[in-house]
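**Q** Put chains E and H on the given structure of chain F with help from the hints.
The lines below spell out each chain.
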Amino acid sequence: MSDRHDGSTIDLEKALVRYMVERKLSRRELLERIAAVGSAAALAPIIAACSTAGATPSPAASASAAPPPSAAPTASPSPTPVPSPETELNILNWTDYLADEVIKSFEAKYKVKVTQSFFSTTDEMYAKLGDDGGDYDISFPISVDVPNMIAKGTIAKLDKSLLTNIKNLGTEWANPGYDLGNTYSVPYMWWTTGVGYDPARLGGEAPTSSKALWDKRWSQHISMLDDWQEVFGLTLIQLGHSANTDDAAELDEALALLKEQKPLVRTYSTDTIGTMTSGDIWIGHIWGADRFAIQETIPDFAYFIPEEGGVKGSDTVATFSGSPHPIAAQLFINHLLDAEQSAANTNLIYYMGPNAAAKEFIDPAILDDPTINPDQEIVDKLEELLALDQAVRDEYLSRWQELRG
Amino acid sequence: MALLLPGVGWLVLFFVVPLAFIFIVSLGSRDVLDRVSLASPSLDNYFKAFDPVFLPTFLNSIRYAAITTVLSLAIGYPIAYWISRYGGRHKVLLIILVMLPFWTSYLIRTYSWMILLRDNGVVNSILQAVGLTHEPIILMNTDVSVILGMTYGFLPFAILPLFVSIDRLDANLVAAGRDLYASGRQAFRHVTLPLTMPGIIAAALLTFIPALGDFVTPDLLGGPQTTTIAKNIQELFLAGRDWPYGAALGFVLMIVTLGGTLLALRTLRREVIGAD
Amino acid sequence: MTTERNRWLSVYALLVYAFLFAPIVVLIIFSFNSARRGLVWQGFTTKWYPQLFSNDELIDALVVTLEVAVVAVLVSTILGSLLGLGLARLRFRGRGATETLLLVPMITPEIVMGLALLLFFLQLFDAHGSLLQLWVAHITFCISYVAIVVRARAASMNPQLEEAARDLGASAWGAFRYVTLPIILPAVIAGALLAFSLSFDDYVVTTFNSGVGSSTLPLYIYGKIKFGVTPEINAISTIIVAATALAILAAWRLGAFRGEGRAVVDEDAPPA
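Residue numbers (this note's numbering), protein chains in the order written: chain F, 104 to 508; chain E, 4 to 279; chain H, 303 to 574.
Bound conformation, chain F alone (with noise of 0.2 Å):
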């Protein structure tokens, strides 16, 4: 960056303006073109257009050791340079889910300007990001949930060419199934779900069942996650049903058995951490990474992924169709990719990542600990939520709103 000129990349975005407009080209389809061909071919002629002298690659390309894959022959003689990004990158996402160092290091190395919005529940990050992403360039969608966007239209698919650093993710993230190949979306954290309890609550009992939130001794004192899919999910698991079921009977049962819980619960919340650390809820139904938190205030929190089986969830990271930054977006997001910067996060907020190459730099007391980073093993073992039909989805939550009024 420090190679090119002062207004060298205000020239890029009106160049790419031109360009586009020229060829009559929406910015999905150039994003489109640029994943077709790649980036250095698609940009060549702005590339070029730019000084020469500043052709030299930026600090960040240097990171890619071989060379870009490119399904064209490239026109450009000269070393394929990363195209210069926008000046400003709008993410969407919860207060506190990146770390501070990760995005003061990424406008530190590419000069831009991040700005931060939130949410508080995904459904409101969909609303917010409507069909094409409003003015968000980054976001992070639930995996069970990009399906659907990649069906509308609303995310955008990556440059591959840009992310060099996707080498770091773990094999098993390689070709999720909610994302083929990951085209669109690469993935930010995982998570399992299943039961979190204080055991001086319990009197020192140690249970190892979901079945333990059905216990009437804990009446009044069991909370249970205020999410239909993730509440369904434990409930079908334990009944020996998979959690992503389509069958009306199977789901009936799970509903009469929330039904018989439903007295002794004291509250359906998504709050896990004040709800826990109140001291009012002795056993619930919480996220993995949770466990951490609930620790600072609780020493002795336990949690456990239910015997019967339990279930894993990840989100992602992306971009959308109608993202005004388009470059700074991809850029983000490998950059989000680079060993370090996913442990910075992992380190803020105890979820474990996908990046394999990261694990070298993250706090050992989360590698080590079971419940954030249980091994390969169990972690085959959990079942995925998935994105279900819209007919499917529709059974789950009548039978919830049942349950709920």
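Warning: the hint list may mix true and false statements.
Said to hold, decoys possible - Pair by pair, the computed Cβ-Cβ distance ranges are: (1) H:LEU311 - E:THR136: 47 to 55 Å; (2) F:PRO473 - E:ALA69: 46 to 54 Å; (3) F:GLU210 - H:ALA399: 36 to 44 Å; (4) H:ARG397 - E:PRO55: 33 to 41 Å; (5) H:THR348 - E:ILE70: 37 to 45 Å; (6) H:LEU487 - E:ARG188: 50 to 58 Å; (7) H:ARG393 - F:LYS216: 51 to 59 Å; (8) H:TRP310 - E:VAL125: 24 to 32 Å; (9) F:LYS216 - E:SER128: 43 to 51 Å; (10) H:GLY515 - E:LEU58: 42 to 50 Å; (11) H:GLY515 - E:VAL125: 38 to 46 Å.
As the list claims (entries may be wrong) - No more than 30 Å apart at the CA atoms, straight line, and that leaves these computed lysine-lysine pairs for BS3-like: (12) F:LYS260 - F:LYS214; (13) F:LYS270 - F:LYS462; (14) F:LYS314 - F:LYS270; (15) F:LYS415 - F:LYS255; (16) E:LYS51 - F:LYS260; (17) F:LYS365 - E:LYS51; (18) F:LYS365 - F:LYS484; (19) F:LYS314 - F:LYS415; (20) F:LYS362 - H:LYS349; (21) F:LYS415 - F:LYS319; (22) H:LYS349 - F:LYS207; (23) F:LYS260 - F:LYS270; (24) F:LYS362 - F:LYS319; (25) E:LYS51 - F:LYS255.
If you are wondering where the hints come from, they were derived from the structure by calculation, not from laboratory data. Glycine included, each C-beta is placed from N, C-alpha and C at the ideal position.
**A** Chains E and H in isolation, oriented as in the chain F frame:
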């Protein structure tokens, strides 16, 4: 007449028109990808909205709103009276003091109530220390905590209009009332109360109506039995991704509430105020 | 008799204020909690205060919140007061409809209003949320509250007072300014105070109408629920309360709140 135009104009442009957009959505349906489709508009969602599964939550909402309103008025009237009568030069200061707690974050205030009401919380500790109870009583996640939280949140909305109305009382009228009626209580009933009725009605409106639509307080402070219709509507939009259905249910709630409110107002006006 | 009633009433008043401030006291105490998350007291620390000053996002959110609230209060108070006054005074054919129009925003579930405005701005202006959009949204939901409070006050005012002033030679503006305005002013201020509280704490309508760079404090705070709300939030709330209290105190010292202070009832009148 010109007085009204800016306000009405604003509301028409920035409220009625957007609401019309949502109304149109309510006539549509959801396509396979959860997007709103207006391919075949119909009133189907409205018929679906009259699903009996919503009745318990609707009744919950009415119950909480009604109790909250009664409590807010009952608690608010005497304090508004006190500020007006004894506030003296510091009346405005005392009123601002009523509002001050609400210029903090709602969430943190709710957390503070959780700290106070939880099983090992301040309230339970005091009750046990004083000897009224021997083990913690469950206050959080119950009707009690919801109503307490809602009343707390809406109290200023009752106190302020009540104060404004009470403060307007002509001292001579009240004194005359005391001369006319045998006891202070009768004077209150026959003079003060009717004269402050506009304030009472305003306070009731500003409490009951928003309370009916409050879903956050019952959600955070309540438990499984305290679900409100507002939460149902919220869930339809967000978790259900069914904007048309959620919109229809929302409109049904609005129509029912509006109808009820207008009816109540008309009755009250005729009986109590006469000409207004 | 009267003095005893006075005393009970005063005790009552104290209890009500205690009720109003009880959570605030807890809030302030817990801003010194050394636990990063959770609602349990773990020890005393003042570290959250300096920390929040270096938290740019939090400060930005506070600034945006104030930017939105100030404009929203100003505009909604003016529009609402005029509306309330007009409704109290005038008798015209569309009166019932206007009254109803006033009630509907309050009846509308917040998510419906939030999404309605989102759609409005999206479809008509291809806008995705901004400070301007927040102003519009907040003004819209505040107007009704101001109007209802002002109307209640204006309704109990003798309309002939203004007429009398006009007869005596005052201009329309003069009659308004010297007769009507002082009478409805407490209601206008009360409405403004309510509007400010509504705007400051709003979440649902705000989240769907905020955009890049226009995240308010509630959005920041609620976004923290998932990973734990830290005492930083308590700290900033404490600072806001303290700053406001100080400002009020200063204004009071400068004589801002000295009204005529007439009593409602003449205490020295002989009992009936």
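**Q** For each hint, tell me whether it holds in the structure or not.
**A** Quick rundown of the hints versus the structure:
no. : hint                            : in the structure
1   : H:LEU311 - E:THR136: 47 to 55 Å : violated (30 Å)
2   : F:PRO473 - E:ALA69: 46 to 54 Å  : holds (51 Å)
3   : F:GLU210 - H:ALA399: 36 to 44 Å : violated (54 Å)
4   : H:ARG397 - E:PRO55: 33 to 41 Å  : holds (38 Å)
5   : H:THR348 - E:ILE70: 37 to 45 Å  : holds (41 Å)
6   : H:LEU487 - E:ARG188: 50 to 58 Å : violated (32 Å)
7   : H:ARG393 - F:LYS216: 51 to 59 Å : holds (57 Å)
8   : H:TRP310 - E:VAL125: 24 to 32 Å : holds (26 Å)
9   : F:LYS216 - E:SER128: 43 to 51 Å : holds (50 Å)
10  : H:GLY515 - E:LEU58: 42 to 50 Å  : holds (44 Å)
11  : H:GLY515 - E:VAL125: 38 to 46 Å : holds (40 Å)
12  : F:LYS260 - F:LYS214             : holds (24 Å)
13  : F:LYS270 - F:LYS462             : holds (14 Å)
14  : F:LYS314 - F:LYS270             : violated (41 Å)
15  : F:LYS415 - F:LYS255             : holds (25 Å)
16  : E:LYS51 - F:LYS260              : violated (39 Å)
17  : F:LYS365 - E:LYS51              : holds (26 Å)
18  : F:LYS365 - F:LYS484             : holds (29 Å)
19  : F:LYS314 - F:LYS415             : holds (19 Å)
20  : F:LYS362 - H:LYS349             : violated (46 Å)
21  : F:LYS415 - F:LYS319             : holds (27 Å)
22  : H:LYS349 - F:LYS207             : holds (22 Å)
23  : F:LYS260 - F:LYS270             : holds (17 Å)
24  : F:LYS362 - F:LYS319             : holds (14 Å)
25  : E:LYS51 - F:LYS255              : holds (27 Å)
Of the hints listed earlier, those the structure fails to meet are numbers 1, 3, 6, 14, 16, 20, in rising order.
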